[in-house]
Amino acid sequence: MTTISTDLSQSPPAGNSPSLIEKMALSKRQYEETGHYKGIDQLRLKQTDHFRYERVWAELRGALVSARETALHISASPIVRNIGELCFALYTPEGDSVVVSTGIITHVHTMSEGIKYMISQAYEDSPGIKEGDIFCNNDPTLGNVHTTDVHTIIPLFYEGELIGWAGGVAHQVDIGAGTPGHDPVASANRYEDGFYVTCEKVGSNHQLHKDWQIRAGLSTRTPVYWALDEKCRIAGCYIVKEALDRVIASEGIDYVRQFMDEAVEEGRQIFLARIKERLVPGIYETASFFDAPYADKAWHPEARIDYLMHAPLTLTIGAGGQFHMSMDGASAPVPMPFNASEGSMQGALWVLLTQTLIYDGKVNDGAYLAAGHNFPAGTWCNAQDHSLAYGSPWAFLIPSFTGLFRLLSRGYFARGFREEIVTGYGFTGDPLQGGGFLADGKTYFPVSNFELCAVGLGARGTMDGLDAAYAMWNPEADMGDAEVWETIESGLLYLSRRYKPDTAGYGRYRGGSGWEALRYVHGVQALQLYSFREGRVFHGGAGLYGGYPNSADYKVRVHNTNMAQLAAARKPYPLGEADPSDSELERLVQGEFLRTNEGMMFPEAFGDGDLFLSLFSGGPGYGDPLERDPQSVARDVLGHVYLPETAERAFGVVVRTSGDEMVVDEAATKTARENLRLRRSARAVSYEEFYARERELITTGQLSSPVRQMYQQSMHLSPSWAAKFKQFWNLPDTFSL
Amino acid sequence: MDQATLADLIDGKLPWHQLKEVLSGNKDIARFDLYIEVLQSRVSFKETILLPLGEHLYVVVDASGRRIVKCDCGYEFGPVERNWKCASAVLVRDSDELLEEIYDPWNRCDPSWEELREFYCPGCWSLLEVEAAPPGYPVMFDFQPDIDTFYQEYLGRPVPRS
Ligand SMILES: [Zn+2]
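As given, the protein sequences belong to chains G and B, one line each in that order.
Anchor point for the first sequence: position 47 equals 47 in this note's numbering, and the numbering is continuous, going up by one each time.
Anchor point for the second sequence: position 29 equals 29 in this note's numbering, and the numbering is continuous, going up by one each time.
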């Protein structure tokens, strides 16, 4: 285990004004002592001249949004250019975000951690923090989610004094990891995660250093994308700098300084007020899981395990609107790329809050300050060991935070704010990744698909979830154009993109639908592909109030196909697999089918004519599916959201085609629903019987190895979770699994 | 928001243009009282609703002043301090066969890693909650509201005693 020094007692640099270390320590102390950001209990500027205050806010916010919209055109990567996987933020001198852009704003807080790290390490002394400096970071243990999200941070000065920071992040096409792409699957440790940049000074006098450009250019598989993404981030930061200069010119430096601090405090106050307005005090509990079946796949001996990630989540809401979430009981870190740093969990907490409680307020680190949290040290969600792999923490982090939406929604339900309820979201996964060489043997093409940025949202409390249109980390989800992806993934063509039936979680309101894309390998000399998602467990937890989880993933690909012959004979070719148990792929194509009930697939070689089916997650459901309006179910079947047999077995709705229409057979539906309800009463057991059966699984050791190990880890890492587990099952203190 | 609009919101019948206004607008302080009014008018039981707990479920105060969880069908789940699931009927989908009744074989979880637990109301057989959890996982106590604090500190008035 490595401890990164955050000792604040180091000597300040010479000079009259307090050092950044002193400023940061003072701000921390003021918050602890007064409960207000920098001790500001009165929003003086806002109270004195509300319009002026809001005008300054709007001007800065507009500049941030504009920085993103403008700068993304400099990038060549579709991930940045088309999907908009970037964001910008303005920070106080101490590194607290004041105003943010749209985009992948989970990073607004991770960059804050990076700035605080540089301050705490006395960067003012060495390497120095001067006007014109450019810093870069992508290390999750210093403030990031994963290495692929690269940060550019510049200090902002006024008459020689540092008055803030601008930061920008963009998601890379490739990060030089052991497996090509943006979310490695095989890394077992840091040294396979790819290119690490550890809060480094990479430029001065407003210019990137030449040696840095050379090192970066040689460190990923896609140097051109890297260089243009970096220019994009720098440009955005300078747009932010110019906007701040403009505001200083019109409002004066004293006003701007005070404004930045008050805006953070206002963000904090808005957050607390929102909780009292929308939630109910009490204790909310849930849990989420993720399967990593690596026993038969991993490249390293220590990673050949089947691991079940455990993310218990308890939210406590206090009398004064205090918010505290805890993942006490989380399972252990892994020799896989899915470990999360505390900073990445904080970033995720922050980005979800901005989508549910504080979407229209002063969205900044004020909310973060007010959102108490416990990501226990030594667990997967705060591993505190820099030697672990952090290439793809999203795999654990995304399901674990579905719980937050579920818990807040229980509060909204109780208060009558049904319109705010969301049951969770689909897994923005099955990222098809890899890379290869075109037939010329020289041209490398990355497979770094980001169409996963548009999965199903969970059902709402008043309506179905959004279909194929949500990403938890980027509130402006977009799958991008297939044609654009083909321009970079030039050996991998699209045969289709369409809704995937039965991906949406069942419920009175259904989850948003997932979808499928069938990819065709063409004109390559070599290609490897891999992908990951949950397959042995459902994503996150279930839905709410009787809503079911969305479907789990599976994998299918076909090697050595007869696609070329089909094309030559002008015969029909497949567009996907609407029904995996009656597969269109298998009906129309001959070849070597590889099919697994897992979402996890390590790099595999592909050749010309091979097919790969990408599957994208739906969202979980809300309410009892037997209460869903039959006409809505008929529309679902017509729209390829559900297969007709699913409509009958999950919803008790019998539909028939009539011309182009799908009509409900009312009588048959009535009977089907009555029968399903009767089946419930005929088969359900009493709680006592259920309890006895489940308890016996534990006491007689009838648990599978990943499940048993998950309990062992959680009990070992958290005595309080162990006590809770034993108390619930009435087990002796001495019990162990 | 008036009673009819709220009723439509609860029933999922509010047209999108109106729902969008509700979503984007400020939250009305009177919502909770109106909500209780609408829900109270819909249930057949006489007890006062203190807090809606989920679809079909309410925390009510009974004649003797006890706070209990009650289904809109009238079934009583016992004191609010105890997890209502302890008084429910349960079906565990812990085999391929039971999971494949509702999920395609390729879409289900692996029952050796995770099971689905369906908690029903023994009075009306509504499905009240689904848990997706590994076998042997403690039953989740979804929500333990602090009703006294809610009324006193959030609403600024005492909890109804009957
Ligand atoms: Zn009932």
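Calculated directly from the structure, the hints in this document are not laboratory data.
As the structure is a computational prediction, the values presented were derived from the model and not from experiment.
Accuracy of the hints is not assured; some may be wrong.
[Stated by the list, open to error] Ranges between beta-carbon positions, derived for each pair: (1) B:E153 to G:V484: 36 to 42 Å; (2) B:E81 to G:A682: 40 to 46 Å; (3) G:P719 to B:E37: 18 to 24 Å; (4) B:W16 to G:A692: 47 to 53 Å; (5) G:R693 to B:P79: 36 to 42 Å; (6) G:E645 to B:T5: 45 to 51 Å.
[Unchecked claim] Beyond 10 Å from chain G on every Cβ pair, some chain B residues (computed): (7) V43; (8) D62; (9) P79; (10) E153.
Cβ coordinates follow ideal geometry from the N, Cα and C atoms, glycine included.
P719 of chain G paired with E37 of chain B, Cβ distance criterion 18 to 24 Å: 47 Å, violated
CB-CB spacing for P79 of chain B and R693 of chain G relative to the 36 to 42 Å hint: At 25 Å between Cβs, range violated.
Supplied distance hint 47 to 53 Å, evaluated on CB atoms of W16 of chain B and A692 of chain G: Holds - the Cβ-Cβ distance for W16 of chain B and A692 of chain G, about 48 Å, lies within 47 to 53 Å.
Separation of V43 of chain B from chain G, once the least beta-carbon distance is taken, above 10 Å: At roughly 15 Å from the nearest Cβ of chain G, V43 of chain B sits farther out than 10 Å, so the non-interface label holds.
Consistency of beta-carbon spacing, T5 of chain B to E645 of chain G, with hint 45 to 51 Å: 38 Å, violated
Least C-beta distance between P79 of chain B and chain G, which was stated to exceed 10 Å: With a cut-off of 10 Å, P79 of chain B remains clear of chain G, as the shortest Cβ separation is near 15 Å.
Given as non-interface: E153 of chain B, partner chain G, CB spacing beyond 10 Å: Per Cβ check, E153 of chain B is inside 10 Å of chain G; nearest 5 Å; violated.
E81 of chain B versus A682 of chain G beta-carbon gap, inside 40 to 46 Å or not: 32 Å, violated
Check on D62 of chain B being off the interface with chain G, judged by Cβ distance over 10 Å: With a cut-off of 10 Å, D62 of chain B remains clear of chain G, as the shortest Cβ separation is near 19 Å.
Range hint compliance [Cβ, E153 of chain B to V484 of chain G, 36 to 42 Å]: 52 Å, violated
Consistency with the previously given hints fails for numbers 1, 2, 3, 5, 6, 10, ordered from lowest to highest.
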